[in-house]
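With the sequences and hints as input, model every part of the structure.
In case you want the letters, here they are:
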Amino acid sequence: MEPLFINLAEAFTGWMISLGLDPGWAEAVLLVVKWIIVVTIITVNIIILIWLERKVSAFFQERLGPNRLGPFGIFQTIADAIKLLTKEDIVPSAADKLIFKTAPMFFIVVAVMLYTVIPMGKGMQVINLNVGLLFFISVGSLSTIALLMAGWGSNNKWSLMGAVRSVAQMVSYAIPLAFSLLGVVMITGSLNLQDIVLAQDKWWFVILQPIAFITYFIAATAELNRGPFDMPEAEQELTGGAYTEYTGMRWALFFLAEYTNLVAVSALMATVFLGGWQGPWLPSWLWIIIKTYAIILVFFWVKWTFPRIRMDHLMSFSWKVLVPVSLGNILLTGAGIYFCRWMGWC
Amino acid sequence: MLESDIYTVNVGPIHPSTHGGLHAEAIMDGEIIENVIVHLGYVHRSVEKIAEGKTYQQYVPYTARLDYLATNLPVLGYCQAVEKLLGIEVPERAQYIRVIMAELSRIASHQIAISATGIDLGATTGLMYGMRDRERIMNIFEMTGGQRLLSSYIRIGGVAADIPDGFIPAVMSLVQDIPGMMDEYNGLMTGNEIWAARMQGVGILTPETAIQYGVTGPNLRASGIAYDLRRAEPDGIYHRFEFDIPTRNGGDSLDRWQVRIDEIGESGRIIEQALEGMPNGEISTRVPKVLKPEPGKEVYHRIESAKGELGYYIVSDGSSKPYRLHVRAPSFINLMVLPVICRGGVFQDLITNIATLDPILGESDR
Amino acid sequence: MNGQGLIKGLAITLKHFFQKEITEQYPDVMPELAPRFRGCLRFEFEKCIACGICVNSCPNDVLSFETEKRDKSKKKKLLSYTIDFQYCMFCNLCVEGCPTSCLSFDHDFELSQFKREDIKMIYLRPEGLDEAQDSPADQEEQKDKEQKQIAAMLKALQKSPQKVLSKLLEGEEDINILSELIQSDQKTAGKIAELIVKDKEKAVKVATGFINKDRKNRAQKGENGEGGDKDV
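Chains as they are written, first to last, in our numbering: chain Y, 1 to 346; chain R, 1 to 366; chain G, 1 to 232.
Wrong hints could be hidden among the right ones.
[To be verified] Here are the computed lysine-lysine pairs in the DSS-like style, where the Cα-Cα straight-line distance is at most 27 angstroms: (1) Lys289/R x Lys69/G; (2) Lys289/R x Lys213/G; (3) Lys84/R x Lys54/R.
Rather than coming from a laboratory, the hints here were simulated on the basis of the structure.
Below, the structure written as structure tokens:
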């Protein structure tokens with residue numbers, strides 16, 4: 001089972017070459033095919049994930065959740081998707097139309113781009129980038145722009161407030177997010193995600209870097225705009241924040257992109273802190289799925305338990321707690337590395 | 001320095017957190033609230049005017065629609081006012097049943113306040129737990145009055161029907177579970193650091209301001225004034241029961257929230273005592289089909305409703321219909337302090353303050 | 001503080017995650033309703049005596065009915081009964097007021113309709129429901145009432161027969177004859193009283209018969225021998 005997908009890819013390339021295609025072109029075609037597969041997996045995965053969140057949140061609240069369509073209501077999301085697709089697409093007359101229309105597309109593109117570097121198994125990656133982690137962080141913070149576009153383009157006070165909040169929040173939390181990953185980079189000495197996974201064959205970094213793990217988790221929740229940090233959306237306050245004016249499929253794209261981000265961030269968390277695809281007995285690609293889903297469930301758990309944080313507390317928490325703590329963690333890691341070298345352990 | 005300008009945000013009347021049709025016009029400077037203008041009247045149903053066209057008995061179901069979350073309390077207040085007007089004595093058993101129903105309504109109302117605060121602050125699960133527990137009270141109402149929300153059970157001169165079989169065990173088990181419920185609300189929300197940070201020091205209502213504005217009910221008691229009409233001016237048989245008046249001193253949102261949780265416990269105590277002391281006997285005095293009070297007689301009767309001092313002022317002209325009826329709605333008066341307690345806070349505090357003031361728009365707009 | 005509250009909250013939600021769900025699966029499992037539950041308002045035509053208490057007690061003018069005067073008695077005949085259900089607020093005042101309990105709430109709570117007209121419930125007089133087929137309770141009540149009226153009439157007759165009879169008969173002589181008859185004979189008095197209450201025309205006929213008979217009797221007494229007319 002282990003090299004299933006790699007063998008498939010090799011067989012595909014071999015078939016292309018046997019058709020008389022230049023090996024370079026065959027690689028390019030394979031890349032496109034990989035992308036298509038990734039996008040398909042994302043979409044299917046998200047349909048499951050939305051259903052899962054509704055089900056899990058229902059269980060937390062002693063409800064049943066969707067249970068009408070199909071066994072355990074599993075087709076509910078599909079029905080919802082059809083509903084959203086066929087809904088009237090309303091663009092407010094006062095909106096900045098170009099920005100309003102491009103914002104959801106931009107958001108989803110950015111979200112899908114994150115999957116480029118995530119190692120989905122042993123040797124399984126769309127592109128094995130040597131600065132994978134840096135790529136992930138920088139592309140991840142691009143979604144701020146999409147939210148700002150949505151808020152500005154809508155020409156609505158709620159949307160703008162949501163957008164402004166999201167910019168402030170995401171910019172502030174990108175710093176502890178990056179800092180908390182730095183400790184890991186210092187230990188492995190590489191930004192390549194495959195290298196980071198391989199470095200965890202003995203100890204997962206969650207054991208070596210517990211503080212970084214927690215700070216990353218908190219910062220990631222804020223980056224994902226998930227509860228308790230769902231400021232940009234904040235239904236109960238901003239009536240939907242940046243998404244207030246969106247309807248139908250445009251709104252659904254935001255929704256999709258949020259879940260895409262959620263999976264990507266959880267997968268990165270599994271890769272960096274939980275040993276990635278490494279694990280006994282099961283094939284590597286199954287391990288990463290299991291770990292990602294475990295983290296996603298924790299995200300759900302947190303969202304459906306906590307109240308929303310206040311905006312000013314959120315900002316001061318980032319700058320006064322998370323940034324100093326993650327900086328301290330870097331210092332501690334550096335000291336630890338020197339100590340290890342001095343003792344001759346590594 | 002960047003130049004900044006104030007702008008308005010209309011919170012409501014269509015907004016997820018305005019508890020009905022409240023329209024709060026927030027005048028803001030960035031995220032800071034400069035002022036709030038409360039616009040009322042979106043749920044105006046001219047309840048007071050309707051009273052002039054209905055007989056005294058016919059008006060009873062309308063009063064239940066004033067505070068539909070604590071349905072028996074406004075009905076109780078109205079029926080007692082009419083009884084005062086006509087000098088009708090209510091039988092002992094009916095008095096005890098009324099106290100039980102009133103306190104159950106108070107618990108139901110506070111549970112809505114608690115759980116709605118949960119969802120307004122983003123803790124959706126808090127809403128579900130509160131509603132789940134409230135459902136048991138609704139079932140008791142269904143058992144006695146036939147309806148869940150607007151049970152129309154208390155009547156002029158007593159109650160509509162005697163308590164059914166299974167009522168006492170159901171109420172007893174509910175009362176016994178109250179401490180567990182309170183633990184759960186406290187564990188999930190009160191003890192939560194995010195929750196405390198959102199509420200502590202938010203929307204401080206000083207006792208002076210509270211008295212100036214005529215704030216009553218849990219909102220006043222959260223400001224440290226132990227004023228409860230059940231103690232200060234007991235209606236019916238409230239003087240027979242032993243209970244504490246929960247108070248807090250800060251007057252902020254967290255205090256208002258905690259006073260309500262504490263009051264649930266006190267209501268439970270009253271219900272327990274009422275169940276023990278309930279005698280057998282009549283459940284209603286014989287009241288004539290057409291009630292004609294003395295012409296020119298007027299009466300003001302007030303009770304401690306879930307939201308505060310609920311008063312009915314009735315003027316009779318000798319006919320079977322009231323000449324004038326006025327409702328002193330606690331929510332209306334409590335809402336007037338919203339601008340005062342919101343000023344200087346951030347936008348999210350407005351939501352917290354609306355939630356913890358616990359207005360009911362059916363009552364304030366009337 | 002310091003995160004303990006957060007962890008406690010997480011523990012509470014986790015505990016509930018594994019607890020039994022409380023959702024009522026309504027269309028699949030119908031809810032158990034309390035006996036006093038007020039669903040749809042139902043009306044039983046046979047029991048109604050068209051007293052109008054329900055209409056008067058309804059706060060929202062939901063109820064209305066049409067009646068027709070019955071020819072012989074004062075009682076009204078119910079033709080149709082309308083419940084304009086969209087205005088009903090389920091306050092139970094009509095049901096509590098109804099003396100014959102012909103109104104009741106059942107447990108049907110699925111009251112939505114596609115058309116506004118369908119909400120209105122109109123009960124028309126069922127065919128074959130005649131005065132004679134009035135409900136036993138109704139008949140009994142009517143009988144009671146009549147009996148009382150007859151007793152009162154009898155008393156009045158015996159006390160001041162001339163005054164009562166003057167409303168029935170015209171000739172002064174006739175009245176005098178019948179008055180004497182009534183005062184002398186309890187049976188005749190009873191019969192006349194009953195007839196006056198039940199059917200005035202018949203009472204006049206019977207009274208005239210009595211008078212004629214009495215006249216003949218007197219004539220017989222006077223003339224000694226002529227046969228009496230026994231056609232009364």
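Here is what the structure says about each hint:
no.: 1; hint: Lys289/R x Lys69/G; result: holds (26 angstroms)
no.: 2; hint: Lys289/R x Lys213/G; result: violated (53 angstroms)
no.: 3; hint: Lys84/R x Lys54/R; result: holds (19 angstroms)
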